[in-house]
Every structure is written in C-alpha cells, then in structure tokens.
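Input sequences plus hints: build the corresponding full structure.
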Amino acid sequence: MRGPGHGHGRIAAQGDPGYTKPMHEMGIAIEIYRTCREAVQEHGEGRLRHVKIAVGELSAVEPDLLSFGWEAVIADTDDEGAELEVEFRRADQRCPNCGESKDRSEGSWFRICPDCGAPLEVRGGDELDVLEVSFEAVENGAPEEQ
Amino acid sequence: METKTVTIRRKALAASEEQAVKLRERFAESGTLVLNLISSPGSGKTTLLESTVGRLADDYRLAVVEGDVATERDADRIRAMGVPAHQVLTSGACHLDARQIETALETTELLPAEILVIENVGNLICPTTYDLGEDFKVALLSVTEGDDKPIKYPAIFSRADVTVITKSDLLPYVPFDLETVKAHIATLNPSGVILVVSSISGEGIDDWCDLLVRRLEAKRRS
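As they're listed, the protein sequences go chains C and S. Quick note: the first sequence, position 116, residue 116 per the working numbering, numbers continuous. So the working numbering is basically just the index in the second sequence, starting at one, shifted up by 146.
Bear in mind the hints are in silico, worked out from the structure with no lab data behind them. The structure presented is a predicted model; accordingly, all values stated were derived computationally and were not measured. Glycine is no exception: its CB is placed at the ideal position from the N, C-alpha and C atoms. It is possible that some hints are incorrect.
Below 20 Å or equal to it, Euclidean Cα-Cα: the simulated SDA-like pairs (lysine to any residue) are [to be verified]:
hint: 1; chain 1: S; residue 1: K150; chain 2: C; residue 2: G124
hint: 2; chain 1: S; residue 1: K298; chain 2: C; residue 2: D78
hint: 3; chain 1: S; residue 1: K328; chain 2: C; residue 2: A91
hint: 4; chain 1: C; residue 1: K102; chain 2: C; residue 2: E57
hint: 5; chain 1: S; residue 1: K298; chain 2: C; residue 2: E100
hint: 6; chain 1: S; residue 1: K168; chain 2: S; residue 2: T290
hint: 7; chain 1: S; residue 1: K157; chain 2: C; residue 2: R89
hint: 8; chain 1: S; residue 1: K157; chain 2: C; residue 2: V138
hint: 9; chain 1: C; residue 1: K102; chain 2: C; residue 2: G124
hint: 10; chain 1: S; residue 1: K157; chain 2: C; residue 2: A118
hint: 11; chain 1: S; residue 1: K298; chain 2: C; residue 2: G125
hint: 12; chain 1: C; residue 1: K102; chain 2: C; residue 2: D78
hint: 13; chain 1: S; residue 1: K298; chain 2: C; residue 2: E57
hint: 14; chain 1: S; residue 1: K328; chain 2: C; residue 2: F110
hint: 15; chain 1: C; residue 1: K102; chain 2: C; residue 2: E83
hint: 16; chain 1: S; residue 1: K150; chain 2: C; residue 2: E42
hint: 17; chain 1: S; residue 1: K157; chain 2: C; residue 2: E42
hint: 18; chain 1: C; residue 1: K102; chain 2: C; residue 2: E71
hint: 19; chain 1: C; residue 1: K52; chain 2: S; residue 2: T153
hint: 20; chain 1: S; residue 1: K298; chain 2: C; residue 2: E45
hint: 21; chain 1: S; residue 1: K328; chain 2: S; residue 2: D315
hint: 22; chain 1: C; residue 1: K52; chain 2: S; residue 2: R155
hint: 23; chain 1: S; residue 1: K365; chain 2: S; residue 2: R225
hint: 24; chain 1: S; residue 1: K150; chain 2: C; residue 2: G44
hint: 25; chain 1: S; residue 1: K168; chain 2: S; residue 2: K365
hint: 26; chain 1: S; residue 1: K298; chain 2: S; residue 2: P258
hint: 27; chain 1: S; residue 1: K150; chain 2: C; residue 2: P63
hint: 28; chain 1: C; residue 1: K52; chain 2: C; residue 2: L131
hint: 29; chain 1: S; residue 1: K150; chain 2: C; residue 2: R89
hint: 30; chain 1: S; residue 1: K298; chain 2: S; residue 2: A329
hint: 31; chain 1: S; residue 1: K150; chain 2: C; residue 2: D78
hint: 32; chain 1: S; residue 1: K150; chain 2: C; residue 2: F88
hint: 33; chain 1: C; residue 1: K52; chain 2: C; residue 2: D126
Some chain S residues well away from chain C (every beta-carbon gap over 10 Å; in silico) [as the list claims (entries may be wrong)]:
hint: 34; residue: E148
hint: 35; residue: K157
hint: 36; residue: D243
Given below as structure tokens:
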C-alpha cells in the first residue's frame, strides 16, 4: 500500500490475490486525514486518537471501504491506531404532494414518491464531513508524562 | 496525558472543494462554459468531443482537459484537430481532482476559451464525488453498455444535468430499451436533459452542440 500523496492505493480483493482495483474511498481517506491533521495543528499538536465523520447515504462512499482506507493511510504514521467513527446519515425525502417524508427501499436512488409518483424533494444525505477530532495534546513536541 | 476533542464540522474534501470554488470564479471571469464529462471507458467521450470540435471550433474558442490513467492518446486526438488540449495522467487514480485542473491551466494555454470540456477518467463511480469547478456534469451512456446502467450506478445519473446516450446507430443491433432508460434517468433526475446521439450517423449532434451554445450564451448573460 502506498502512502498519502500518491492518490489511490490498490487493494487485492478477498480470495483473489491477483486482483487489483483502484479504490475511490482511498483518496477520500487521504483527504480526511489531511483535514484532521490541519485541525490538530490549529488546536495544538499531538497524536490523533479518534475521528468522527458523517457519511450520507447519497455520498457514493462506502463506509467499510472508507474505514479500510483510513487504516492504510494512517499506518506507519504517528497517528497509527486512531479510530474512525462513521456516523451514517440518511437523506430526508419529502413528497411535495403528500407533504410527508417517504422511505425509499434500501440502496435506492429513485426520487419518486412510492405513493403518488411525484418527484421527491431530497434534503441532506450527501454529507462527507469531518465532525470531531480527538488527539493527545503534547507540549514542545514531546508527549507529556503522567 | 490530556486528550483534547475539537468539533470542526468541515467538509472532508474541503481542500479540493476550495480549489473548485476558485476555479469556478476564474471561469466566470473568463466567461468560459465548463463541462465535466463522465462515463465508462469506451462509451465515446473522446469521439463525441471530436464531433463537437468539428461542429463548433470554427465559431467558438474551445479547449480540452483529458484525464486518463496512462497515455497522451486522447489529447493527441484533440490537438490533431487544432484545439488546445492538456492531458492529465493519473497513474492509477480513478478520477480528476480540482487541483489537477488548476495545474492544467498553469501548464497549458487553455484560457481564454469559450467552452472548456474536461473529459474525466473513464469510470461511473469516483468522478461523481469531485467538483472540478464545472458548470455542469454530463454523463454518457453508450447503448452497448446495457440499459440497466443508470439504476446500477445511480449517483452519476442523478447528478449530471445532461445525460447523452451515445452510439444510437447501434440501437437496432443491441437489446437496449431506450424508453426504459429515459424513464429511469428521469426518475433519478427529474430536471435532467437526455439527448440521444451518434457520432457515426450524426444523429443528435446538432442538438448537443445547440445545448452547449445556449448554455454558453446563458452564462454570458448571467
């Protein structure tokens, strides 16, 4: 696995050691890591422990693949082991005719009211946000002794 | 050891999105209509571009950014028609990023242009997430890919303002239900425009070029 700054890494699919594919979530994991490091630097210095992100159902990002990419990105850095907590967000889909929120079937992107067929108004669900960053604060670049 | 927790609420792709905002400002200043062309490999993006250049290059100043994993082939095809083109080689990455467009503008004299077409890396998934500062996304779907693609890869078809169904000259030979595809796309994207074209027979190319010219004029007025 190549480190950050090299674009997308390549992973072998399970059970098929010869198979490689570029992974969209890898590039996103790299960007999340950059965003987290910036946030740490703005508030001090130290080792990342925990990161909370929001991923919307319409963001075209697969949370499991993102977690896998995250581990690869932070491997061999000082932040290795930092947890990535993914908060999955559903889109709110409201029918302008019925005036109600509607549930689409799992994984469906169809923006049509299941009851009256009108196009649904979709709000949210496209989140890809870093919400919260926790880090072990250090002074003068060295970890504090307890 | 003190653990600090800070709430930041920042877009994960903030750096890339900030660059896209800057690009959009720059394109507004230069009065350039910018398209982000997205499709599977082999659906006819470069061929549609060649038809577009053939039709519009005499009257409009065009420029092209090509994104591919490897080779300058696509940019060479456009340059051979006398239009400036920059090739971005991603060496494995599956999409273009706004920072690569910025580099393309710095490296190659593409602006001022009236229409800049960015041909993304052939892929229906990853390019969907990345804003390149474009006015709108265009999804291409060739009839040989099969009519189930919009519902199998819904993100791009729901986000593209325009879907161009290509290789329509092959419709008699392949099981592709055009009406079903149109209905699926309309469901994914109720305000989207659907065009049916063939770069071989010329079907729909006028409509496509008219759409570009109308949108360029609308951008100039705004």
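Tell me the numbers of any earlier hints that the structure contravenes, in ascending order.
1, 2, 3, 5, 6, 8, 10, 12, 15, 18, 20, 23, 26, 27, 29, 32, 34, 35, 36
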